[in-house]
Amino acid sequence: MTATINWFKYASPPAFYPLTGTLAPWFFAAAAVFGAMGLYVGFFVAPTDAQQGEAYRIIFIHVAAAWMSMFLYVVMAFWAGVGVAFNTRLSSMMASAVAPTGALMTFIALWTGALWGKPMWGAWWVWDARLTSELILLFLYIGFMSLQAAIDDPRRADRAGAVIALVGVVNVPIIYFSVQWWNTLHQGASVSLTRSPSMAATMLTGMLLMALAFWMYSIAVVLLRVRCIILERERNADWVKQLPEPQR
Amino acid sequence: MNWGSVSTFLAMGGYAGFVWGSYGVTGLCIALETTLLMARHRRLRRKTD
Numbered sequence: 001m002t003a004t005i006n007w008f009k010y011a012s013p014p015a016f017y018p019l020t021g022t023l024a025p026w027f028f029a030a031a032a033v034f035g036a037m038g039l040y041v042g043f044f045v046a047p048t049d050a051q052q053g054e055a056y057r058i059i060f061i062h063v064a065a066a067w068m069s070m071f072l073y074v075v076m077a078f079w080a081g082v083g084v085a086f087n088t089r090l091s092s093m094m095a096s097a098v099a100p101t102g103a104l105m106t107f108i109a110l111w112t113g114a115l116w117g118k119p120m121w122g123a124w125w126v127w128d129a130r131l132t133s134e135l136i137l138l139f140l141y142i143g144f145m146s147l148q149a150a151i152d153d154p155r156r157a158d159r160a161g162a163v164i165a166l167v168g169v170v171n172v173p174i175i176y177f178s179v180q181w182w183n184t185l186h187q188g189a190s191v192s193l194t195r196s197p198s199m200a201a202t203m204l205t206g207m208l209l210m211a212l213a214f215w216m217y218s219i220a221v222v223l224l225r226v227r228c229i230i231l232e233r234e235r236n237a238d239w240v241k242q243l244p245e246p247q248r
Numbered sequence: 001m002n003w004g005s006v007s008t009f010l011a012m013g014g015y016a017g018f019v020w021g022s023y024g025v026t027g028l029c030i031a032l033e034t035t036l037l038m039a040r041h042r043r044l045r046r047k048t049d
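Residue numbers (my numbering), protein chains in the order written: chain A, 1 to 248; chain B, 1 to 49.
Be careful, since some hints might not be right.
Among the chain A residues that face chain B by a calculated CB cut under 7 Å, a handful are [unchecked claim]:
hint, residue
1, E54
2, I58
3, I61
4, I108
5, W111
6, L115
7, L224
8, R227
9, C228
Read the hints as simulated data drawn from the structure, not as lab findings. C-beta atoms are modelled at their ideal positions from N, C-alpha and C, and glycine is treated no differently.
Next up, chain B with everything else stripped away, as it sits in the complex:
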């Protein structure tokens, strides 16, 4: 798939909001779940000292 330019890639054939809205929220959920769990684990380890 050759998009030609960055702007045509970002435009997603007119479906930019739908495609990037899906990928963006999914990425955010994954990043949030991982960071929250890492913080929770770090907190627990500190408490057991």
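Only chain A is shown next, with the shape it has when bound in the complex:
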């Protein structure tokens, strides 16, 4: 007998459920800490922008939410694909758990973008490549969720959802590169891997802290949602019935 770590242990809902209960509060705490730091840097350290005045401070949530909206879509498509390819039920549950938070992040990116666009461009909304592809992302999330909700058999719902998730993933690079590919009103990338950032160091610090906060929050809330989905789908399993009484 060799002692090997069983990496697939947590792929089973009875093992994963207690793990999520342990981890979620830590991710919430991390989100709160990074969020407090990010807000402090964003409002009290970062200077006023020379061109945009104080309106630019929307960037700290706008960019963080927009990054998460794209990243969560890739995560959702990944788990949906794994769920279909390997028939692992927890993977599909993860995909379903990511979707509403991804949709929320997309909504926040669009909402804060509208409130930023109005004072800077003079319009709440323009049919611009970046904005339109982000709106399509919102429709993809909503499509994924409604399709899953419309199908009674969860395994069939998982497979149908995976088709939307995987086809729609082509939209993510379109959003990301839209500011380069098309002539657009939206400004270019603030941060890129190939050149130095086009903003003050403290502004960048605030933005990265908020991005970390959104990241931690997303993980926490997805773990919380997957706990609910596990209980809903496995409610007839013995291990769910044997869970200890919830504390009040």
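Use these hints to put chain B onto chain A, whose structure you have.
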């Protein structure tokens, strides 16, 4: 960044509605998502008793 007074901070250089409208709605969404999920989980745990 030294704002001087609370009212200049809240005024956000004339962009108060846009800045606080963004942060307010984002905060509301986050609070709502978290409380709804916690309530959903609590309800599910009660049902399995």
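For each hint, the structure was consulted:
1. Nearest Cβ of chain B to the Cβ of A/E54: about 4 Å, under the 7 Å cut. The hint holds.
2. For A/I58, the shortest C-beta to C-beta distance to chain B is roughly 5 Å, which falls under 7 Å, so the interface hint holds.
3. Below 7 Å, beta-carbon pairs count as interface contacts, and A/I61 has one with chain B at about 5 Å; its hint therefore holds.
4. Below 7 Å, beta-carbon pairs count as interface contacts, and A/I108 has one with chain B at about 5 Å; its hint therefore holds.
5. The interface hint given for A/W111 holds, since its Cβ lies 6 Å from the closest Cβ of chain B, which is under the 7 Å cut-off.
6. For A/L115, the shortest C-beta to C-beta distance to chain B is roughly 5 Å, which falls under 7 Å, so the interface hint holds.
7. The restraint placing A/L224 at the interface with chain B holds, with a minimum CB-CB distance near 5 Å, inside the 7 Å limit.
8. Hint on A/R227 holds. Least Cβ distance to chain B is approximately 6 Å, under the 7 Å limit.
9. This hint holds: A/C228 has a C-beta 5 Å from the nearest C-beta of chain B, less than the 7 Å allowed.
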